[in-house]
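Q: Given these sequences and hints, build the entire structure.
Listed here are the chains, written in short residue letters.
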Amino acid sequence: MELLEKLGIDWRLIIAQVVNFLILLGILYKFLYKPLLDLMEKRTKKIEKGISDAEKIKDELILAEKEKEEKILAAKKESDKIIKEAAALAEENRSRQISKAKEEVQEIVSKARSQIKEEKEKMLKEVKSDVADLVYEASKAILGKKVDFSVDEKMIKESIKETSKL
Amino acid sequence: MNISLAAEPIFHLGSFPVTNTLIMSWLIVLVLIIFTFILKNRIKEIPTGIQNAVEAVFEALINFMDSVTHDHEKSKKFFPLIATIFIFVILSNWIEVVPGLGTIGIYEHIHGKEVLVPFIRSSSADLNVTLAIALISVIGTQIFGATLLGFSKHLKKYISLNPLYTFVGILEIFAELAKILSFSFRLFGNIFAGEVLLIVVSNLVPYVAPLPFLLLEIFVGFIQALIFSTLTLVFLTMATTEAAH
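Chains as they are written, first to last, in the numbering used here: chain A, 1 to 166; chain B, 1 to 245.
Worth flagging that the hints you see were computed from the coordinates, not collected in a lab. Every residue gets a Cβ at the ideal spot worked out from N, C-alpha and C, and that includes glycine. Any given hint could be a false lead.
[Stated by the list, open to error] Here are some, though not all, of the chain B residues that point toward chain A, as calculated from beta-carbon distances under 10 Å:
#1 Q51
#2 K76
#3 A132
#4 I133
#5 P212
#6 F213
#7 L215
A: Pasting the structure below:
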């Protein structure tokens with residue numbers, strides 16, 4: 001007991017100190033540890049989520065970029081194809097048009113030719129008859145009198161034949 | 001120069017002695033509570049200023065605890081007790097480096113002599129304080145052991161029908177009592193010795209010479225607080241782990 005007194009041990013003081021400490025513990029727990037630790041934990045989770053989200057977004061971005069490039073490439077291919085097709089179509093159209101035009105020209109030309117030929121024949125016929133008449137009149141005029149037609153007919157015909165040979 | 005092993009009462013409330021160490025403890029508790037209430041309203045998701053510093057200390061402490069318990073959930077459960085012990089002990093230890101240690105006080109007649117009773121005395125340089133914290137540490141260990149492990153399992157450590165384990169159990173009970181003594185005397189011895197050292201050196205050479213001792217005492221105060229809380233943590237971890245037998 002004397003030792004305890006010398007060391008200053010007093011149960012009332014011990015209890016006072018224990019109460020002191022427990023009050024401190026309680027208040028610190030309620031107002032400092034709990035809110036702050038919860039907050040820190042929440043923040044850690046938030047940051048972790050943010051980082052993983054950023055990673056995900058980055059991956060998605062790369063994927064989207066790839067897709068975009070693929071699409072552009074496909075579109076380019078498509079457009080190339082369309083242009084080629086259009087060119088081929090135009091070429092075909094042109095050649096068809098040209099051949100059609102040629103045909104038409106041919107037709108027109110041949111029509112013109114036949115017409116010309118016809119005209120010419122008609123003209124020749126007319127000329128022939130005109131010539132016969134003319135010759136007849138001329139020979140009548142030259143001979144002065146009307147000759148016996150039957151005698152002369154032979155001669156006339158011969159002369160006509162000769163002229164038509166011209 | 002008067003060096004007393006026991007804390008000196010400044011005044012009495014009835015028969016209850018209000019010692020200088022008790023006043024210091026009240027002061028520490030008061031300062032911490034005021035600090036807490038100031039900080040409480042400033043806690044923000046994005047930390048600034050003091051909150052940053054407190055978070056850094058908490059983070060370091062809980063990481064250190066993780067390295068002992070190997071279980072973050074357990075660390076979180078033990079954190080309030082360990083952190084409070086650490087903060088309280090380190091602040092009571094550091095009171096001894098406050099200027100005015102052992103010199104500012106009132107003269108009282110004790111045993112017919114007029115002696116100076118200093119106002120400032122480390123709370124840890126009083127066995128009542130260290131015993132109180134040691135009791136809380138050991139009893140806290142028992143409570144955590146009983147709640148986390150289950151009461152019957154916890155009790156089996158001390159009481160068993162098997163005679164061999166009964167003997168082990170008795171040893172365990174003595175170990176718990178020894179813990180209280182070792183906890184309290186270790187802290188008391190270190191801080192009391194430091195205080196005596198500082199008082200003596202300051203009396204011999206008042207200028208410059210106490211400086212290295214002050215730095216040393218700051219270090220000792222930190223180490224003792226760390227030892228106290230770490231040992232408590234180790235005992236807590238042991239108490240909440242399944243017994244090997």
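Q: Hint by hint, say whether it matches the structure.
A: Right, here's what the structure says about each hint:
The closest approach between the C-beta of Q51/B and any C-beta of chain A is roughly 8 Å, which is under the 10 Å cut-off, so the hint is satisfied. This hint holds: K76/B has a C-beta 7 Å from the nearest C-beta of chain A, less than the 10 Å allowed. Interface restraint check: A132/B against chain A, minimum CB-CB distance 4 Å, threshold 10 Å, status holds. The closest approach between the C-beta of I133/B and any C-beta of chain A is roughly 6 Å, which is under the 10 Å cut-off, so the hint is satisfied.
For P212/B, the shortest C-beta to C-beta distance to chain A is roughly 30 Å, which exceeds 10 Å, and the interface hint is violated. Checking F213/B against chain A: minimum C-beta separation of about 24 Å lies over 10 Å; hint violated. Proximity of L215/B to chain A is violated relative to the hint, the smallest CB-CB distance being about 28 Å (cut-off 10 Å).
Hint violations for this structure: numbers 5, 6 and 7, all remaining hints satisfied.
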